[in-house]
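Quick mapping for you: the protein sequence lines, in order, are chains A and B. Just so you know, numbering that gives the first Met the number 0 puts 16 at position 17 of the first sequence, and the rest follows in order with no gaps. Just so you know, numbering that gives the first Met the number 0 puts 140 at position 141 of the second sequence, and the rest follows in order with no gaps.
Hint data in this document are derived by calculation from the structure and do not stem from the laboratory. Be aware that a few hints might be false.
Heads up, simulated DSSO-like pairs for lysine-lysine below, C-alpha to C-alpha not over 30 Å straight-line [unchecked claim]:
{"hint": "1", "chain 1": "B", "residue 1": "Lys103", "chain 2": "A", "residue 2": "Lys94"}
{"hint": "2", "chain 1": "B", "residue 1": "Lys16", "chain 2": "A", "residue 2": "Lys33"}
{"hint": "3", "chain 1": "B", "residue 1": "Lys16", "chain 2": "A", "residue 2": "Lys29"}
{"hint": "4", "chain 1": "A", "residue 1": "Lys94", "chain 2": "A", "residue 2": "Lys38"}
{"hint": "5", "chain 1": "A", "residue 1": "Lys94", "chain 2": "B", "residue 2": "Lys71"}
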Amino acid sequence: MQVSTQNRNKGAVISVSGDIDLYTSPDLRKEIAKLAKKKKNPLVVDLEQVDYMDSSGVATLVEGLQLTGRYEGSFRVASLNDGVREVFELARLDKVFDVYDNLDQALAGF
Amino acid sequence: MRECLDIRIPGHPKMMKLVRSTVGQACEMVGFCARDSHAVVLAVDEGCTNIIRHCYRDCSEEDIVIRIRLFKNRIEILLRDFGEEIDLEKLRDCVEARRRELEKQGPVRPGGLGVILIDSIMDRVHYKSSQKFGTVLKMVKYVSPRGEGEVASKHSE
Numbered sequence: 000m001q002v003s004t005q006n007r008n009k010g011a012v013i014s015v016s017g018d019i020d021l022y023t024s025p026d027l028r029k030e031i032a033k034l035a036k037k038k039k040n041p042l043v044v045d046l047e048q049v050d051y052m053d054s055s056g057v058a059t060l061v062e063g064l065q066l067t068g069r070y071e072g073s074f075r076v077a078s079l080n081d082g083v084r085e086v087f088e089l090a091r092l093d094k095v096f097d098v099y100d101n102l103d104q105a106l107a108g109f
Numbered sequence: 000m001r002e003c004l005d006i007r008i009p010g011h012p013k014m015m016k017l018v019r020s021t022v023g024q025a026c027e028m029v030g031f032c033a034r035d036s037h038a039v040v041l042a043v044d045e046g047c048t049n050i051i052r053h054c055y056r057d058c059s060e061e062d063i064v065i066r067i068r069l070f071k072n073r074i075e076i077l078l079r080d081f082g083e084e085i086d087l088e089k090l091r092d093c094v095e096a097r098r099r100e101l102e103k104q105g106p107v108r109p110g111g112l113g114v115i116l117i118d119s120i121m122d123r124v125h126y127k128s129s130q131k132f133g134t135v136l137k138m139v140k141y142v143s144p145r146g147e148g149e150v151a152s153k154h155s156e
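In isolation and in its complexed conformation, chain B is listed as follows:
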């Protein structure tokens, strides 16, 4: 099976409920357990939220394009924005710094949780950014062989 769905939504927070519903149903079609479906939905929500907040700075008229590819053993989701090129090295450093901060259970602060969630949930995460084409975030999640929550097993290790 390889099926593909493209949706284009305005970069507005009120569209997130629609995105979550669509991604949730796509996860069901692939055969994810409820726990992993919820996790994938969360990762996509976080990806879109980051675009709205950081690329479009909460006030853009720009769209987000979401491509959902369904496979027998996985789901692939691509999020494309039309914002400015992002510094991927800086992004990686920020994620690592935030992760270390959370691991150390230091002083708690609100920001930077979305990328940590995406990274924890998805099996593969890849960013591609350019001045001309904006940024594409590709996320892949494999169906857990025995239907057990990958997120749960990852977390308990």
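The shape of chain A in the complex, shown without the other chains:
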């Protein structure tokens, strides 16, 4: 898994590629925590290049949601492929996140 971050005004976009699983999710968790500490708003996680995600990936995103919620920031996820979307649905968390079809939509208004 690779993680890269771009600042966008007061917000930030984390672009992830590869697999998000128990082995790799700590790196994503660290990046989210670092940006949440800087109170980035919105904090967008772009999953377009993610091939696979398990529940540790979902849990990492839930933590992101909680961290940004502390400063009333917006936490958004963008560009989920079918497999990743299904994990959200199976975990019944698809309604919990602000999910956008693509990055442009996720950044609209900011």
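For chain A, the structure is supplied; the task is to place chain B on it using the hints.
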């Protein structure tokens, strides 16, 4: 057809990619559609992840044994760990409590999603645990008759 494959891996997260690849190919051999294959791979990943995190507490030298049985109409996967005996009644209660929590869409918290995913995906899930032999998780998934995703139809009901 009844074919069987046993693999033994160290209980380390970095082995999961290898497990996913193997299970994915086994699902293809049985004839699962891509969606169900992905779901079975996810369930096995979650089972192994739970062993590493909860039985081995992220730092074990112990192994996980994975037995994959291929049948004409189903796949059976057994995961065996060598950790301490688990309280199955407590596990069932935790799963039910977590499921109710998610159904109510209450306050979101990160943990306990793996067992929910396993339960949602697989047609049969059975745990057997003892002090002497550790825990065996048996999971069965049947091939959907018309090739439609079982997971999808289950979810949309």
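A quick look at each hint next to the structure:
Note on B/Lys103 and A/Lys94: the hinted pairing holds, with a Cα-Cα distance of about 12 Å set against a maximum of 30 Å. Distance restraint check for B/Lys16 and A/Lys33: the Cα-Cα separation of roughly 27 Å lies within the 30 Å cut-off, and the hinted pair is therefore satisfied. About 21 Å separates the Cα atoms of B/Lys16 and A/Lys29, which keeps this hinted pair within 30 Å; it holds. Between A/Lys94 and A/Lys38 the CA atoms are separated by roughly 24 Å; this keeps the pair inside 30 Å, and the hint holds.
For the hint linking A/Lys94 to B/Lys71, the alpha-carbon distance of about 37 Å lies beyond 30 Å, and the restraint is violated.
When each numbered hint is compared with the structure, a violation occurs for hint 5 only.
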